[in-house]
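Following the hints, complete the assembly by docking chain B onto the known chain A.
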Amino acid sequence: MSDRSTKLSKLQTSKESRAAYIKAKLNVLVPSQIRALRLKLIGTQKELAAAAEMKQPRISAMERPGAVQFNVDTLVRLAAAFKVGLLVKFVSFSEMLRWENEFSQDDFAVARIDEDTSFLAPVATRAALATRVEFEDATGQPSQSDETTRSLTAKRCASPAMKTPARTGNQGPPQGGGNLREILRPET
Amino acid sequence: MLTDNKKLIPSEVPDHWTFWDYEGAIENWYQNDLSEEAQDQFDALLKNCAKIENHQQWPGFGKFLKGVKEPIWELEFRADKRAYRVLCVFASIVAPGCWPRATESTRKRAILLAGCYHKQGVYTPANAINTAETRARALREDKAKVYERPINQTL
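Protein sequences appear in the order of chains A and B.
Counting from 19, one number per residue, gives the positions in the first sequence under our numbering.
Counting from 1253, one number per residue, gives the positions in the second sequence under our numbering.
Hints are computed from structural coordinates only; laboratory data are not their basis.
Computed from a predicted structure; not experimentally measured.
Built from N, CA and C at the ideal position, the CB exists for glycine as well.
Some clues are possibly wrong.
[As the list claims (entries may be wrong)] When the alpha-carbon atoms are kept at most 27 Å apart in a straight line, the in silico DSS-like pairs for lysine-lysine are as follows: (1) Lys28/A <-> Lys58/A; (2) Lys58/A <-> Lys1315/B; (3) Lys41/A <-> Lys25/A; (4) Lys1371/B <-> Lys64/A; (5) Lys58/A <-> Lys1360/B.
[To be verified] To spell it out: a stretch of chain B is covered by chain A in this simulated footprint if at least three of its residues, at any positions, have a beta carbon under 8 Å from a beta carbon of chain A; those stretches are: (6) 1349-1362; (7) 1378-1386; (8) 1393-1407.
Chain A on its own, in the form it takes in the complex:
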């Protein structure tokens, strides 16, 4: 096991150490995501191979840690076969670690495009959300959040139209959510 302070010092001073660290995480977590989605959305490696127009041994290799050096095109082909999207995003080390710690192959699930209501019918989803807010206003009781609410709220918070105070200094990680009514108001 790596002593944390030694490792942190290496990560701060050595580009090779940072590259090795990032690569190690991706070499484990990308195959794990592929396996999770294959099992949940497709079935066998042979079936995924057919969907992605690849050979089964290649799929097998892609599910083994470090066996394949992925390029973005390969990931795009897999995402298209799974009928899901793909994010390739630069993040802080803390965000990468948080993602790793929270990732669970057993729980990892992504909505396919044909089940992705937020994407297929964003207007209907907004209307349902507005109804929910009116209900909350009338009763004073917050209703239970669901996937749609979380998804839409997150999207709105990420939107450049959302005016948030500039973050300065070391304020810790950004908090999700935000005031739902304020988020909705400018467009309702």
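Relative to chain A, chain B alone:
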């Protein structure tokens, strides 16, 4: 501990798998034989596998070895152009005295016996499988100790 018709039933199943080091041999291999990239990948692999309920779904869960007397299986990962193998057994073969503390249940525990790498059917070091077999037998016969390998959530 619950009992059912004199049969002992373990009281609880742990949330996560834990990985145990045979007499510190794995830590020795990790420190001396693995590059930084391989060390990072090994750490990430154990962290990920610990959360996956069914060990057969672990990325890198390899085959049980044939032609050996102990139920040894491989955990595979590839780093710095080497196909590493960690030879392992499940806790069911381990004698009670091998654990550092008396324990009711040994479910979801994997014991890491020896590390090596593999190319075209050749293991390096060449005696890795024999070593793993000897170590598994020592655990079965209560002649060795295992130590938990902590999973670092801050790295």
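We went through each hint and held it up to the structure:
1. Taking the CA atoms of Lys28/A and Lys58/A, the gap is near 39 Å; set against the 27 Å cutoff, the hint is violated.
2. At most 27 Å may separate the alpha-carbon atoms for a hinted pair to count; Lys58/A and Lys1315/B meet this at roughly 23 Å.
3. Only pairs whose Cα atoms come within 27 Å are accepted, and Lys41/A paired with Lys25/A is accepted, the gap being roughly 15 Å.
4. Between Lys1371/B and Lys64/A, the direct Cα distance comes to roughly 26 Å. Compliance with the 27 Å bound is thereby established for this hinted pair.
5. Pair hint Lys58/A plus Lys1360/B holds up; C-alpha atoms about 23 Å apart against a cutoff of 27 Å.
6. For the stretch 1349-1362 of chain B, the stated coverage by chain A is not satisfied: 0 residues place a CB nearer than 8 Å to a CB of that chain, which falls below the threshold of 3.
7. With 0 residues having a beta carbon nearer than 8 Å to a beta carbon of chain A, the stretch 1378-1386 of chain B misses the requirement of three or more and the stated coverage is violated.
8. Check result for the stretch 1393-1407 of chain B against chain A: holds, 6 residues qualifying (beta carbon to beta carbon below 8 Å, three or more required).
Of the hints listed earlier, those the structure fails to meet are numbers 1, 6, 7, in rising order.
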